[in-house]
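Residues per chain, in single letters:
6 protein chains.
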Amino acid sequence: MKKILVINPVADSRWNKTDGDYLKKIAREGMVVEVVNIKKGPKTIESFYDGAFAIPGILKIVREIKNQYDGIMINCFADPGLKSAREVCDIPVVGPGESAIILASMLGFNFSIISVKKNVIPMFEMKAASLGLSKRLSSVEYIDMPVSELEDNFNKTEKAIIEAINKTIKQNNTEVAVLGCTGMLSLHSGLVKRVSIPVVEPAATALKALEILIDLRISHSKTGLYMTPDVGKIIGY
Amino acid sequence: MKKILVINPVADSRWNKTDGDYLKKIAREGMVVEVVNIKKGPKTIESFYDGAFAIPGILKIVREIKNQYDGIMINCFADPGLKSAREVCDIPVVGPGESAIILASMLGFNFSIISVKKNVIPMFEMKAASLGLSKRLSSVEYIDMPVSELEDNFNKTEKAIIEAINKTIKQNNTEVAVLGCTGMLSLHSGLVKRVSIPVVEPAATALKALEILIDLRISHSKTGLYMTPDVGKIIGY
Amino acid sequence: MKKILVINPVADSRWNKTDGDYLKKIAREGMVVEVVNIKKGPKTIESFYDGAFAIPGILKIVREIKNQYDGIMINCFADPGLKSAREVCDIPVVGPGESAIILASMLGFNFSIISVKKNVIPMFEMKAASLGLSKRLSSVEYIDMPVSELEDNFNKTEKAIIEAINKTIKQNNTEVAVLGCTGMLSLHSGLVKRVSIPVVEPAATALKALEILIDLRISHSKTGLYMTPDVGKIIGY
Amino acid sequence: MKKILVINPVADSRWNKTDGDYLKKIAREGMVVEVVNIKKGPKTIESFYDGAFAIPGILKIVREIKNQYDGIMINCFADPGLKSAREVCDIPVVGPGESAIILASMLGFNFSIISVKKNVIPMFEMKAASLGLSKRLSSVEYIDMPVSELEDNFNKTEKAIIEAINKTIKQNNTEVAVLGCTGMLSLHSGLVKRVSIPVVEPAATALKALEILIDLRISHSKTGLYMTPDVGKIIGY
Amino acid sequence: MKKILVINPVADSRWNKTDGDYLKKIAREGMVVEVVNIKKGPKTIESFYDGAFAIPGILKIVREIKNQYDGIMINCFADPGLKSAREVCDIPVVGPGESAIILASMLGFNFSIISVKKNVIPMFEMKAASLGLSKRLSSVEYIDMPVSELEDNFNKTEKAIIEAINKTIKQNNTEVAVLGCTGMLSLHSGLVKRVSIPVVEPAATALKALEILIDLRISHSKTGLYMTPDVGKIIGY
Amino acid sequence: MKKILVINPVADSRWNKTDGDYLKKIAREGMVVEVVNIKKGPKTIESFYDGAFAIPGILKIVREIKNQYDGIMINCFADPGLKSAREVCDIPVVGPGESAIILASMLGFNFSIISVKKNVIPMFEMKAASLGLSKRLSSVEYIDMPVSELEDNFNKTEKAIIEAINKTIKQNNTEVAVLGCTGMLSLHSGLVKRVSIPVVEPAATALKALEILIDLRISHSKTGLYMTPDVGKIIGY
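Residue numbers (our numbering), protein chains in the order written: chain C, 479 to 715; chain U, 479 to 715; chain H, 479 to 715; chain E, 479 to 715; chain B, 479 to 715; chain G, 479 to 715.
So here's chain C without its partners, still in its complex pose:
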């Protein structure tokens, strides 16, 4: 029996149940999945600013529970706090953005990320570049809808995503689509039937990446990038 903690890095508990149900179905047998959210921070993450206020809450949880779980998943495509979380624990920590982009790179020559507002374009171009995959990213598309409205009208959201995917297939010969927001997870099963290329859902991908790490009993190196910091220097948190 292994235990995974999924941290929803938003100060809102409303997705805990649905995300938990979704991820539990995807988890391998014997893998216990729990979902928590942070107490202080943004309601959704759509900017560096939002991310900045999410990270202290994430790290607080990571420090408190790291001995009770076998792995941690930070449930947001922007991967807020991924590096600092790895610094403060030895158990594997994964993020949907990194996991999904890497998986997509194995499925075809190029991929496109479909996300919410216009600022995602530079944001995810930079994320792909930091993973060495700039040349494989054919485009970042945005549906011009904030995260909070994704679930207001499923049909409208699905239609917008399908249009974005078809646009990049036509313009860029895109071979793989990556949903660039974990808030789109409930749309995934419908989408795969309506487009002609594979569609990567990042939350599920991150969960599976974490299972691999746990099952292979391997975690991030602690000798360089993720060296354990002196955590006793923080005042006021």
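These are calculated hints, taken from the structure and not from any lab test.
Identical copies carry no separate label here, and so any pair may be met within one copy or between two of them.
Think about it this way: if two alpha-carbon atoms lie no more than 27 Å apart in a straight line, the pair counts; the simulated BS3-like pairs of lysine-lysine are:
id : residue 1 : residue 2
1  : K544      : K595
2  : K613      : K645
3  : K544      : K480
4  : K518      : K495
5  : K671      : K645
6  : K538      : K518
7  : K480      : K503
8  : K700      : K613
9  : K481      : K517
10 : K700      : K595
11 : K613      : K595
12 : K521      : K544
13 : K495      : K481
14 : K544      : K502
15 : K544      : K481
16 : K648      : K596
17 : K613      : K648
18 : K521      : K538
19 : K700      : K596
20 : K544      : K518
21 : K481      : K502
22 : K634      : K648
23 : K596      : K613
24 : K637      : K648
25 : K671      : K700
26 : K595      : K521
27 : K502      : K480
28 : K671      : K544
Since chain C is already given, all that's left is putting chains U, H, E, B and G on it; use the hints.
For chains U, H, E, B and G alone, kept in the frame of chain C given last:
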């Protein structure tokens, strides 16, 4: 119940049993693993030349069995035939080289590949470059021992690998080691206890990567790089 | 008369006075420089973890005072919160890391960054890469001394920095040195006399970069990467 | 008197005569050119799969004749077996794809490759990337016609190629065109009169590249990438 | 009191007065700016050919006056002679092209350069690449007007530049515009009011970059790229 | 009968005879080779400064004779004036630096350039980068001897070059050596017998590259990078 076929791309059945035992232990519950080898081809793969004679045999198997399995693993770090195998089937196909290098990139800033003879240096530098990970590859080390001798004297081989890992830790601040030959798999459990950085074993990693793909019901795109070829044009095979 | 706010992103006021004195001497005539520190956060910034706890305090200050100043400097080589600060204001915001690395690229073919602990190697390799300057960074050197001890024994610190510079000159033909910590600023005037290559001090460089932006009346674009976020979504801060 | 062997890597002798006539006209005085084809393998090469079945036949010829010739040309833009052929011989081996792309890079800022079916886009993007010339490749265009039909209607094929060249000139300011299939060689002399930019014909270019190597008495290094393999390990071929 | 020499690298004195007036307004207090032009060379610089004939005149001035000034600015976006000028003097030398491109990289994710004739596209793509900023350059636009006509009809020129900026905003989500010719400087103040993104004027930017270097008392390294050459070997100049 | 003009870009005729004799031996039958030098300019080219004074003389010759020859070779590894010469003529123009580096990239995974003084390191690193071959350049070595002394003591020079080659073989697993100065051409035939890797001589390579272009009747594109400039704007030359 899902079924994976592991293809040992060598004309030698002697590793089928041990590889099968090793991989079955690593496979998740409900995943059936079978190992076969090719009938014609090289005894081991240590050059582009060896790889070239392995690929027709691999593709022959892939074409014959692709409807009977849920995924295929080509069991050699050089990933011979990975692209052409993906062309001729719809089910996921993975290779230990690609899988292990990508996993290593998630575990630290840089990684070193430890392999057999000197020609692996340019060979794996090129492999990392093709994955966009040149800057993350701190070095390729070789122990100057052919694949066929890896198991002659376990202590000697283990010692050589540990020396190579410690050398690159010292010279390049390497944070993660990748075993650059699936023939080193039996040494992995011993190695992890004797070095200070994580050690990625590629065969196990590839198996787990394949499980992810199967469990996520996703496979490579068929609209571009891996477009299905006309297979009726081959004469004499 | 123009006004610059320097934010020391540490929960410690002890550097405010010396940093202020140093920067006021460097500022052009007519440029008023004020230094403040954050109230909650790390005592020093030496990890992603430290940075994570510094950013909310930085952003709080930026939001409160952005109409009272002509430019903002975040006084730490790691440039914590640089991107999110630019999101929430229209006035120019600079960081010593970005400014110093870019300046160094204009002074020679390659440069080395000299900083504190071993984890700076991947951290600053990644920073240079994100600025497109990987090939120009000849090495990151560390003197293995925490920020808090830099001023304990000036001679010892200076000696360690000089040794690091001379090492990279010899090994890498390094043409320019960049001090990789704003806590080294008081050592700069002594260092320049003792080494054979130019030495970039990042705090002074950032101040000058900010003066340029203010004097050219130009600031970051608000149409993409630094688009203004919805700041009303943060709970509990 | 020097001798070049041109290997048509297809199991079809029908191009031997015309290719031989074409190349003999281009060869310098004193250079004897012979063309052979492989006995087993694909009829044309349009996928990785096709290439895989061509390579053993190529290598068989290379091994048998390498002492009787001064240089070898593998006559297909995909350069099948180029690396492995270099491993098993000391005399120079060239391929039209590598030769033509490199030549194009000397003739202008950017170039476009015009080839047959859609899957050539990722295939040749990857080839350019492996040569370090990604930024110079302005596009890969395809005329959506299989190799076997290129000669069915010369006017139609020529028209399609001219349209592709003019499209990339207009869209990408392309300065140089590269014919991305040696099956287009008979069209070259007509094309150069009908488009406004230089057109590189890869078979002729490869022949000339090979002449250079022979005349300079230089060949590939045998100390690394192309180290001679143990060829005694192949079973069943 | 510090003195800057601005070298107009054209054999025409007609811009000296207006450039001087413009730059003096931008210079910080206490910075004396003088403008001279070369005696022999091109009337304007619009090709590598033009640049080649400008450089000897630039270097002649640099050698003669280098002890009388604190810094030198070569006033042309193409930065002719920047490297060789740095070789023959110890005082800082800047160019508008390098300075403006680097500044633009700090103001947004991507930038576009707006310049004169079609050949600027590859020319400035190569300049951005040499600065490591290829990925940040979203496009090079040209208004198809030679330098000599830029001031013939200000409204027409301004209109053409605005159209080019709006085109790249729409097509490439460009966040920052860089004027790719110092001959456009008089148009800058009007342009900034008429477009929605920041516009970098390179001559002013270079002047400010030079002030930074002078005020920080730092100059280019003389130990590598800009090592002082033996200047006694030139015959006939 | 085809005619090649070799331009020695130095104001010294002493190498014309020996270079001519050397190149005539290498030229294919029917290729007439003439060597001239520039009248004004540097005695040797060892810096950007030297190059700057060589280029006007080169361009003067190119413009005067371009209708009388079939191709032009600028005989210096630094390739001075290569781009501007291509602008002002339609016949092919080659340089030894570009030609030799490209050839070396076809002969092995990596190559090292062996040249004269320390400043060649950044100079040729930048040249390789501009050709997209940074990753293939394993090192630049210098023998610390000015061009003018290369022929003073052949044994000493040869010994220094061999030591440099052996050093980079050992340290960097270098597979190919490139002589980084055309002044080393007389040493080439001796060197190839004394080192274990192929040695590329750039003058011979450039001549052969030019022969290819002439024989293929192809030259650089005139629609972009090498667009013909208005040559009537130069005053005083």
